[in-house]
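These protein sequence lines map, in sequence, to chains A and B.
Numbering follows my numbering, with no gaps: position 147 of the first sequence is 147.
Numbering follows my numbering, with no gaps: position 117 of the second sequence is 413.
Check each hint, because a few of them may be wrong.
Chain A regions said to be covered by chain B (calculated; three or more residues, Cβ under 8 Å) [unchecked claim]:
#1 89-100
#2 211-224
#3 237-244
With a cut-off of at most 25 Å between alpha-carbon atoms, the simulated DSS-like pairs for lysine-lysine come out as follows [stated by the list, open to error]:
#4 A:K253 <-> B:K341
#5 A:K223 <-> B:K453
#6 B:K434 <-> A:K245
#7 A:K280 <-> B:K362
#8 A:K93 <-> A:K54
#9 B:K437 <-> A:K280
#10 B:K451 <-> A:K223
Here are some chain A residues the structure puts well away from chain B; computed CB gaps all over 12 Å [claimed, not checked]:
#11 S39
#12 R41
#13 N180
#14 L230
#15 N234
In short, the hints are calculated from the structure, not lab data.
Note that this is a predicted model, so its numbers are computed, not measured.
Just so it is clear, CB atoms sit at the ideal spot from N, CA and C, and this is done for glycine as well.
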Amino acid sequence: MKNRTLLLLILFTGSVNAQLDKLREAYLYTQSDKLNLDSARILIDAACKYPETKDDPQAWYMRGFIYKELFKKPLPANREISLGEEAFNSCKKAMEIDSSVEVKNNNLLILKNLSAITNNTFGGALDTVNYSKSMECLELQKKLIRYIHPKASIDSVEVYYNGIMGSYFQSVYEKSPGKNMNYLKIAEDSYNKVLIRDPSNISANYNMGIIYYNQAVSLIMNKLDYDFDLASLNNIQEEALSWFKKSLPYMEKAYQLNPHRKETLIGLSGIYYSLHDNEKSEQFHKLSQDMDADQK
Amino acid sequence: MIILVLAFACLSASRTDPKEDTNAKIKAVYLYNFSKNVEWPEEYKNGSFVITFVGNNSSLLSELDKMAAQKTLGNQQISVKSVSSISGIEKSHIIFVPFESSALLGEIITKIKGNSILIVTEKPGLAKQGSAINFISKDNKQAFEINKANAEHYKLKINSNLMKLATLIE
Chain A
1 MKNRTLLLLI
11 LFTGSVNAQL
21 DKLREAYLYT
31 QSDKLNLDSA
41 RILIDAACKY
51 PETKDDPQAW
61 YMRGFIYKEL
71 FKKPLPANRE
81 ISLGEEAFNS
91 CKKAMEIDSS
101 VEVKNNNLLI
111 LKNLSAITNN
121 TFGGALDTVN
131 YSKSMECLEL
141 QKKLIRYIHP
151 KASIDSVEVY
161 YNGIMGSYFQ
171 SVYEKSPGKN
181 MNYLKIAEDS
191 YNKVLIRDPS
201 NISANYNMGI
211 IYYNQAVSLI
221 MNKLDYDFDL
231 ASLNNIQEEA
241 LSWFKKSLPY
251 MEKAYQLNPH
261 RKETLIGLSG
271 IYYSLHDNEK
281 SEQFHKLSQD
291 MDADQK
Chain B
297 MIILVLAFAC
307 LSASRTDPKE
317 DTNAKIKAVY
327 LYNFSKNVEW
337 PEEYKNGSFV
347 ITFVGNNSSL
357 LSELDKMAAQ
367 KTLGNQQISV
377 KSVSSISGIE
387 KSHIIFVPFE
397 SSALLGEIIT
407 KIKGNSILIV
417 TEKPGLAKQG
427 SAINFISKDN
437 KQAFEINKAN
447 AEHYKLKINS
457 NLMKLATLIE
């Protein structure tokens with residue numbers, strides 16, 4: 001801890017009473033030579049309850065620091081979000097007790113660090129087992145950003161986290177299409193959350209287009225068997241058609257937002273081809289080829 | 297904002313890969329159904345069931361090869377042959393004339409005179425110009441037309457199930 005003020009207050013102030021001693025002891029347990037965060041936690045929890053120190057901003061600051069360190073200690077997938085929440089609440093409490101610039105700055109430093117750890121935890125926990133932890137990180141991050149940057153839009157946090165969540169689960173699903181529809185549902189829900197807040201998000205529009213397009217393709221390429229009779233074939237075509245049609249507005253929106261993105265041109269060509277609109281398919285195919293030519 | 301942990305990526309449109317041609321797969325399934333719902337004269341019921349593809353380099357040709365490797369028609373193995381010119385056409389059960397080879401339809405009809413071959417095309421209007429079945433698109437879906445007279449001309453009987461789902465051309 002680099003906070004010199006705290007150091008002065010806790011370490012070099014004479015011992016007024018036993019409770020301040022506990023506060024000092026808790027601090028010492030956060031130092032590398034005596035590092036013992038579990039002991040520090042017990043002491044600081046006690047200190048924040050004792051009448052003599054429960055309204056001391058330094059005690060809550062210390063608690064925020066210790067809980068932030070406890071939160072950070074394990075690998076991201078094993079981190080407990082509740083510890084991060086405690087750190088956040090403690091720093092808030094410290095700033096409520098003492099509104100001085102110095103206390104505010106000291107506590108904001110912890111919160112900024114906590115925000116970075118939360119972000120890191122979100123990415124580190126993002127897998128098919130721990131992803132709910134990633135979503136908890138989003139909730140904590142929103143609280144932190146609201147507090148650290150009151151004028152900042154929370155929408156950008158939602159867009160950022162849900163976009164990554166969508167991309168991750170879409171990628172996992174595409175490795176074994178049709179195997180785990182829940183992954184696809186998470187991706188779809190995540191992109192929807194992005195688009196509610198940012199309808200002009202190119203990646204979310206494009207990826208939603210791809211999700212639905214790939215559903216149609218998978219239906220035809222993997223579920224349609226040569227033995228299907230004409231009625232069953234017609235049913236598959238109907239179902240695929242509904243996916244293709246669902247895909248089209250998202251891909252068109254992505255194109256509208258950036259007409260020079262090759263992937264979108266290829267996507268639109270594929271959708272129109274599947275909808276038997278060969279003229280439009282060819283038009284977008286040509287545009288994508290022209291782009292290749294321009295790049296040579 | 298803060299540290300980037302992962303990029304919010306635009307995922308690649310892997311399924312727009314030309315190797316995954318959905319329209320070709322659907323046509324291949326249709327062709328297999330045509331094979332099961334059309335009756336050829338007795339002399340065509342032995343040996344391989346031959347589908348001749350006029351042209352090459354097509355994803356449909358590739359789908360037909362896959363179908364031939366997996367399926368039979370009764371006791372007949374399916375054999376898919378591609379020819380680049382009319383002269384290459386031999387005894388067949390079906391001749392598929394892809395869009396780009398449509399101009400050859402007249403010559404094909406002359407070449408197969410006297411045989412019982414189901415001509416399948418995929419260009420608007422060709423059911424009126426000699427093909428028995430012509431692929432069309434209808435309401436954004438693959439559909440087909442049947443010209444019964446053109447089939448009967450080649451001594452082919454089309455099952456009523458097939459007729460019911462087709463647009464009939466006279």
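Taking the hints in turn, this is what the structure says about them:
1. 89-100: violated (count 0)
2. 211-224: holds (count 8)
3. 237-244: It holds, with 5 qualifying residues against the three required.
4. A:K253 <-> B:K341: Outside the cut-off at roughly 54 Å; violated.
5. A:K223 <-> B:K453: 30 Å, violated
6. B:K434 <-> A:K245: Roughly 15 Å separates the two Cα atoms, so the pair holds.
7. A:K280 <-> B:K362: At roughly 29 Å apart (the allowed maximum being 25 Å), B:K362 and A:K280 break the hint.
8. A:K93 <-> A:K54: 10 Å, holds
9. B:K437 <-> A:K280: 15 Å, holds
10. B:K451 <-> A:K223: Given pair B:K451, A:K223 is violated - Cα atoms ~35 Å apart, limit 25 Å.
11. S39: The claim holds: A:S39 sits with its nearest Cβ about 31 Å from chain B, beyond 12 Å.
12. R41: For A:R41, whose nearest Cβ neighbour in chain B is about 26 Å away, the distance exceeds 12 Å, so it holds.
13. N180: Check passes; 16 Å lies beyond 12 Å.
14. L230: 5 Å, violated
15. N234: 7 Å, violated
The structure fails to meet hints 1, 4, 5, 7, 10, 14 and 15 from the earlier list, while all remaining hints are met.
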